[in-house]
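Here the protein sequences line up with chains C and Y, keeping their order. For the first sequence, the residue numbers in the working numbering are 1 to 190. For the second sequence, the residue numbers in the working numbering are 191 to 653.
Please note that a few of the clues may not be correct.
[What the hints assert, rightly or not] Pair by pair, the computed Cβ-Cβ distance ranges are:
| hint | chain 1 | residue 1 | chain 2 | residue 2 | range |
| --- | --- | --- | --- | --- | --- |
| 1 | Y | Q214 | C | E6 | 44 to 52 angstroms |
| 2 | C | D153 | Y | R388 | 29 to 37 angstroms |
| 3 | Y | A594 | C | A150 | 52 to 60 angstroms |
| 4 | Y | P582 | C | R25 | 27 to 35 angstroms |
| 5 | C | E6 | Y | G228 | 44 to 52 angstroms |
| 6 | C | D153 | Y | V210 | 47 to 55 angstroms |
[Stated by the list, open to error] The following residues of chain Y were derived to be distant from chain C, with all beta-carbon distances above 10 angstroms:
| hint | residue |
| --- | --- |
| 7 | D370 |
| 8 | E648 |
| 9 | E651 |
No wet-lab data here; the hints were simulated from the structure. Every value quoted in this text rests on a predicted model; they were computed, and no experiment measured them. C-beta atoms are modelled at their ideal positions from N, C-alpha and C, and glycine is treated no differently.
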Amino acid sequence: MSAREEILGRIRRAVRDAPEVEIPRDYRTSVPVDDPVGLFAERVDDYRAVVHVLPAAEVPAKVAELVRGRRMIVPDGLPDEWTGGAAGGAELSGADGVVTGCAVAIAETGTIVLDAGPGQGTRAQTLVPDYHLCVVRADQVVASVPEAVARLDPVRPLTWISGPSATSDIELNRVEGVHGPRTLEVIVSI
Amino acid sequence: MSGTFLGMPGNFPKNAEKAVQNSQLRFNLRKATHTIRGKRASVVAELPDWKELRAAAKAVKDETLRHLDRYLVQLEEAVTRAGGHVHWARDAAEANRIVTGLVQATGESEVVKVKSMATQEIGLNEALAEHGITAYETDLAELIVQLGDDFPSHILVPAIHRNRAEIREIFLEKMPETPDGLSDEPAALAEAARLHLRERFLRSKVAISGANFMIAETGTLVVLESEGNGRMCLTLPETLISVVGIEKLLPSWRDLEIFLQLLPRSSTGERMNPYTSMWTGATEGQEFHLVLLDNGRTDVLADEVGRQALRCIRCSACLNVCPVYERTGGHAYGSVYPGPIGAILTPQLRGMGSELDASLPYASSLCGACFDVCPVAIDIPEVLVDLRAKAPHGAAERAGMRVAGWVLGDEARLAKAQRLASRVRGLVPRRLPGPLSAWTDTRDLPEIPEESFRDWWERHERP
Numbered sequence: 001m002s003a004r005e006e007i008l009g010r011i012r013r014a015v016r017d018a019p020e021v022e023i024p025r026d027y028r029t030s031v032p033v034d035d036p037v038g039l040f041a042e043r044v045d046d047y048r049a050v051v052h053v054l055p056a057a058e059v060p061a062k063v064a065e066l067v068r069g070r071r072m073i074v075p076d077g078l079p080d081e082w083t084g085g086a087a088g089g090a091e092l093s094g095a096d097g098v099v100t101g102c103a104v105a106i107a108e109t110g111t112i113v114l115d116a117g118p119g120q121g122t123r124a125q126t127l128v129p130d131y132h133l134c135v136v137r138a139d140q141v142v143a144s145v146p147e148a149v150a151r152l153d154p155v156r157p158l159t160w161i162s163g164p165s166a167t168s169d170i171e172l173n174r175v176e177g178v179h180g181p182r183t184l185e186v187i188v189s190i
Numbered sequence: 191m192s193g194t195f196l197g198m199p200g201n202f203p204k205n206a207e208k209a210v211q212n213s214q215l216r217f218n219l220r221k222a223t224h225t226i227r228g229k230r231a232s233v234v235a236e237l238p239d240w241k242e243l244r245a246a247a248k249a250v251k252d253e254t255l256r257h258l259d260r261y262l263v264q265l266e267e268a269v270t271r272a273g274g275h276v277h278w279a280r281d282a283a284e285a286n287r288i289v290t291g292l293v294q295a296t297g298e299s300e301v302v303k304v305k306s307m308a309t310q311e312i313g314l315n316e317a318l319a320e321h322g323i324t325a326y327e328t329d330l331a332e333l334i335v336q337l338g339d340d341f342p343s344h345i346l347v348p349a350i351h352r353n354r355a356e357i358r359e360i361f362l363e364k365m366p367e368t369p370d371g372l373s374d375e376p377a378a379l380a381e382a383a384r385l386h387l388r389e390r391f392l393r394s395k396v397a398i399s400g401a402n403f404m405i406a407e408t409g410t411l412v413v414l415e416s417e418g419n420g421r422m423c424l425t426l427p428e429t430l431i432s433v434v435g436i437e438k439l440l441p442s443w444r445d446l447e448i449f450l451q452l453l454p455r456s457s458t459g460e461r462m463n464p465y466t467s468m469w470t471g472a473t474e475g476q477e478f479h480l481v482l483l484d485n486g487r488t489d490v491l492a493d494e495v496g497r498q499a500l501r502c503i504r505c506s507a508c509l510n511v512c513p514v515y516e517r518t519g520g521h522a523y524g525s526v527y528p529g530p531i532g533a534i535l536t537p538q539l540r541g542m543g544s545e546l547d548a549s550l551p552y553a554s555s556l557c558g559a560c561f562d563v564c565p566v567a568i569d570i571p572e573v574l575v576d577l578r579a580k581a582p583h584g585a586a587e588r589a590g591m592r593v594a595g596w597v598l599g600d601e602a603r604l605a606k607a608q609r610l611a612s613r614v615r616g617l618v619p620r621r622l623p624g625p626l627s628a629w630t631d632t633r634d635l636p637e638i639p640e641e642s643f644r645d646w647w648e649r650h651e652r653p
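Let the sequences and hints guide you as you build the complete structure.
Here you go:
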């Protein structure tokens, strides 16, 4: 008998008399938040990431200021006004940073989610460079985790990012900056 | 190379006795577990619907286990449709054989690893080493354990038993490129690990991971982590092999809305862990293999009381609140699964044939703190008590219990026995002789009264 058949057979014998289960979903699936952008900014800041909340018209200048002097990766499909004039095309191994958009952002947890869509690059492009600048549109910010899950497509490769790379492995002290980007900077465009 | 726990000698009381004499260990553990307890409590308190999330998580897991056969087949179809390859492994040896074969097929002799409990459980690194394949752990704590030729002692932070000075010593000795001037600041130590692993990430062709969740409906795998070593391993190599226990399944994509709230808050005490990666099948040109591991899980599933242990999402909250774990540390449990969850999982996965495994159900005071914090509501004390009944008991204990049962089963016999005990009470020693001393060494014998309550009641209250 194949391992597959044997394991499936063992499972069927094991649960033969187990009761059926009803799943109560009484938890919050949407959370009323007065100012999702404000809460998102506060929670991102808690992770010691840098956050700017700016009117959309001021975003291009801010991006330009932040990427100046850095060799940046500019992913395909990033709106021109978010490139800060960076030429892009930097090789993965030689890049200092990357600038992206995102798919969705979560206020309660201070999380941004990338789904490899336009302007978000490949997973490696947002991982290898030491600096990640992410521009979030206000309409991409949802209040809670269930609202984000509902907006995402699981078939796409997803990366959920909550602050810069960190570890708590030494005496359970949080230290920012291990293998992923050591600096995460987020601009919320309102 | 860190060793394997399989076939470890001793028993929990003996191991614990040794461990509690190590004052450095006790200091490290106390500091770490108390830090994390406080963090967890504050982020859990932020969610007004924690109770409802917990109830939903428990039910989702129970429902998954009830129809695990159907969901596994559904997962297999979804992963295959998305270009991945699915393998089934009855036990550790079969899983190790499959993974070894897959690595050999790539022609590589080095692999990078994301921290994974399942591959620790099956001793994968040792099995690969026998075939000339070197596995490099990339999680900071796993790296500390591997370089220190040590055993993990905690599910989430395997090097919790080491303090910063000890870690510095290990790095200086085992990472040749580390400058002598390395300080013992956690930030400096993390930086040293970053430099040590950077090149390896960029050149490795094969990675091995576990997974926190698998979604049956979509074939999606989910890995939660903090450092970015997970993203490095999951993203950069050409071949990715994930070894995952069959119980790690969730039926639908939507179910993640529950578990992505419960796990980070229970585990590291954060609203969200820094990085979570989700991928479905072969992604961005990668070759993807999923190895589904039984290794005793279907035996656990067959036990009506014990099967709830398969709900576990490996958050380690139960370790951090356990008064026994806090004093003995993880090594005393002789398993990759230490603490309260280990005390019910290990004897069920491995059976209670060894002295060590049979002693684990007793590695608890049954205080219930573990049950209170468990995000999937595993009633650990209930399973412990059930396992104690099933554990092998010595001839003397069985004889003693038979006598006790005979005496307690009859009112007249009990009264006679109590009167006899009262008469000889001056002669009963504080410490019992011979094999009975095992009982009195760790317990005070109760004071025997001059007169039993029953007799006193008879004299005073009966008309």
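Hints, one by one, checked against the model:
1. Under the hint 44 to 52 angstroms, the C-beta atoms of Q214/Y and E6/C, about 47 angstroms apart, fit the expected range.
2. Evaluation of the 29 to 37 angstroms hint for D153/C and R388/Y yields a pass: the beta carbon distance comes to about 32 angstroms.
3. Taken as a hint, the range 52 to 60 angstroms holds for the pair A594/Y and A150/C, whose Cβ atoms sit roughly 59 angstroms apart.
4. At roughly 43 angstroms, the beta carbons of P582/Y and R25/C sit outside the given window of 27 to 35 angstroms.
5. For the pair E6/C and G228/Y, the supplied restraint of 44 to 52 angstroms holds, since their beta-carbon distance comes to about 46 angstroms.
6. Evaluation of the 47 to 55 angstroms hint for D153/C and V210/Y yields a pass: the beta carbon distance comes to about 52 angstroms.
7. Listed as a non-interface residue, D370/Y keeps its Cβ farther than 10 angstroms from every Cβ of chain C; the least gap is roughly 19 angstroms.
8. Consistency note on E648/Y: stated as away from chain C, and its beta-carbon is indeed over 10 angstroms from all of that chain's, at 48 angstroms minimum.
9. No Cβ of chain C approaches the Cβ of E651/Y within 10 angstroms, the least distance being about 47 angstroms, so the stated non-interface status holds.
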